[in-house]
Amino acid sequence: MYLPADLSRFNKVPPNQFQNVLSNSILPIQSTDPNCLFKLQEEQFSFDHLDGTFVPDIAIRISRTPLNSSDPSTYASLSKFVEQNLRKYHTTLGNINQNQLTNPLSRPPEQTGVQPDGKAEILPIGYGINPLIADSFKNVHLTPGCFADIINFDRSSSNNHEKRPFNPSTARLWGKQKPLKTETAVASDDLKSPKSNLSRSTSNFISKVSTADNYNRKYYNASSLLVGCHGRIINLISLEDDPKEIDVEIPLLKVVFSSSIITAFSCFHYTTTSGESNLDILVAFASGDIFWLSFPKLKYSRWNKNAKLKNKPVLSLQWSQCGNFAVVGFADGEVMVFHREFEDAEIYEETKSASQKTRHMTVMKALNSPQTGSNPVSHYKFSYKAITKLKYHPTFPNIWTIASDDGFVRLFDFFSESITDIVPSYYGGILDIDITRDGRYMICGGEDDFASIYEFSILGGANAHGLLKLVARLEGAKSWIRGLCVDYFKTTPGVLYRIGTVGDDETIRFYEFQPRNLPKARRLKNDKIKLSINQKQKSNLTLNSGSNTSMKHLLTSESIKKSWLQNSRSHTQTESVSSLTSSTQLQQLSLYEIINQDQAEGSRKGEQQPSTSKASHVLFKDLKTILHVPSESTVIHEVSRWRNCPILFPIGEKNVQLGRLSGLQFQQEYVWAFISTGDLIRWRRPPGAGTKV
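When we follow this note's numbering, the leftmost residue of the sequence shown carries the number 977, and every step to the right adds one.
Some clues are possibly wrong.
[Unchecked claim] When the alpha-carbon atoms are kept at most 20 Å apart in a straight line, the in silico DMTMM-like pairs for lysine to aspartate or glutamate are as follows: (1) Lys1367 - Glu1431; (2) Lys1230 - Asp1308; (3) Lys1357 - Glu1325; (4) Lys1288 - Asp1308; (5) Lys1454 - Glu1482; (6) Lys1194 - Glu1221; (7) Lys1284 - Glu1325; (8) Lys1114 - Glu1423; (9) Lys1454 - Glu1431.
Since the hints were derived computationally from the structure, they do not count as laboratory data.
Required output: the full structure, derived from the provided sequences and hints.
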């Protein structure tokens, strides 16, 4: 039997000089190792919970690509198991003769610091690098590691989207999204696929593509898929209950890129009218490129190719609810909207003369501007810091939450192209946001070491104090929170929400949020929501708007308060929803088609009535916005005092001690934790704990 050479072994380095190799690189690996499937010792990685004992089932290591000259040079994620192999065997593969499914691995000992004998001291990897060398990746604290997502396929269900059930009253806002039909022919209104063939690609951007045998059959038979990105590589792995049936060394698909590391990705699962299950993924890179790949068809497209539109790293992106649009956030606080049917504009320049500046944002290209059939279809600037997370409201998908490293969450209405609310964090930047599927609550966490829960007032009518209200904080984290997730298998909407958080303290925490049974908070007499903000946060909000009006005058303006109160009295929730569902014809149109229709109608009316002023033109004349909020009535919330808000503590937690955690995901039978070093751990739920409440 032929055994391939161990390319990860440093053969030319004497053992006594191997320490120099470890000291001169933050990632001393020579090649991309095959992915690894292994088990962990139950005694070390099991933990108790209200539901019972969670036992580690399997772990998957997504291998990282070697360090490239364009990669971040300050931090690189390296598995503690790989580091142990390097120090012990001088290779990243370790003892390849050991079966890691029958011989579970124990937690590696602490690799650095003074050893138990008290005489020897081991220095960390990369300690010999000059710390004053500039890093090309400016947002060092946002340097990505390994991140993953799990897509569950319900082959017996006809839902249009696995995570977003069909809602006929609101699904038309951003595109044509219809229930599954029985026809075998593909309808003309199905989402279009990318054009370039991945397997035959000659692009220098793609270094290597490999697929498993019988790819199509394995893809369509898979009950769940794992998408894992680490460095410059994408892996698509079919998951099974039996670990022996999971093939990670030869995944279904592996794509290696040559230019830049992956910084974010977003998956969109939908079913066509012909019954075909489709899975589209958007992949963002530090170079600014955006890679759109269709997994079943193995075709791709690229946006912002070679940073032609914008030469900044992409740190967040998200498909729209209908899948027709992609919203992309950059490292300099700008957001672009891309249409899946358009290519990049040949010439795109950010003209300051065409920009529309307001107090809290700048519209560089509006949705109602003349469209040329090219991307981007719209362009905004919200901050000077990075956009870290984008999320749309599941009930009203024109409302998006935009999280930034400047410490603010902005609620943005794409219909009116205005910010409705600006919510500050307690301290530091916001790193992750999640919105419950019922649209009632938003959960955000970041550098302030706890998670905050906000209640949407959209469902209860307009509110003079904004659309968000802080209702609880989740305490317990000892460092930054990187990931948030709601366990919908243990959640009863409106009654109880099971929430999980992970972060840099290497710990998973579980909380139970019961809106009707919150602990009482000690409130001060003068504790009221004010339209104000402290002096320290003013510079981040003005965004060089060009206005000399003081922030104090803006926030205490009686006209803003009166406009909110008038809108809250004159427009109720029933009127808002009915205005969205009254016209069947408008429901069948995507957002882009509605814009073009409004432009055509406006031009015809302009010919008939040349005296009509442009100021009276409204983007959606026949389709009012949900909130009916004028653009100048942005509500800026005040930071709530710590003791003025109910505090919730964990009902269970587990310190994994394998590196900072980047994500968390719940399945019916399992709980997954994603470690930025590449190790993905799956715990089996206690018997009966996965059934939905």
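Hints, verified against the model:
1. For the given pair, Lys1367 sits about 15 Å from Glu1431 by alpha-carbon distance, which is consistent with the 20 Å threshold.
2. Our distance criterion of 20 Å between C-alpha atoms is broken by Lys1230 and Asp1308, whose separation comes to about 31 Å.
3. Note on Lys1357 and Glu1325: the hinted pairing holds, with a Cα-Cα distance of about 14 Å set against a maximum of 20 Å.
4. Pair hint Lys1288 plus Asp1308 holds up; C-alpha atoms about 7 Å apart against a cutoff of 20 Å.
5. Distance hint between Lys1454 and Glu1482 is fulfilled; the C-alpha atoms sit about 9 Å from each other, no more than 20 Å.
6. Distance check on the hinted pair: Lys1194 and Glu1221 sit about 12 Å apart at the alpha-carbon level, within 20 Å; holds.
7. Distance restraint check for Lys1284 and Glu1325: the Cα-Cα separation of roughly 10 Å lies within the 20 Å cut-off, and the hinted pair is therefore satisfied.
8. The suggested pairing of Lys1114 with Glu1423 holds, with an alpha-carbon distance near 18 Å, which does not exceed 20 Å.
9. Of the pairs offered as hints, the one joining Lys1454 and Glu1431 is violated, with about 25 Å between alpha carbons and a cut-off of 20 Å exceeded.
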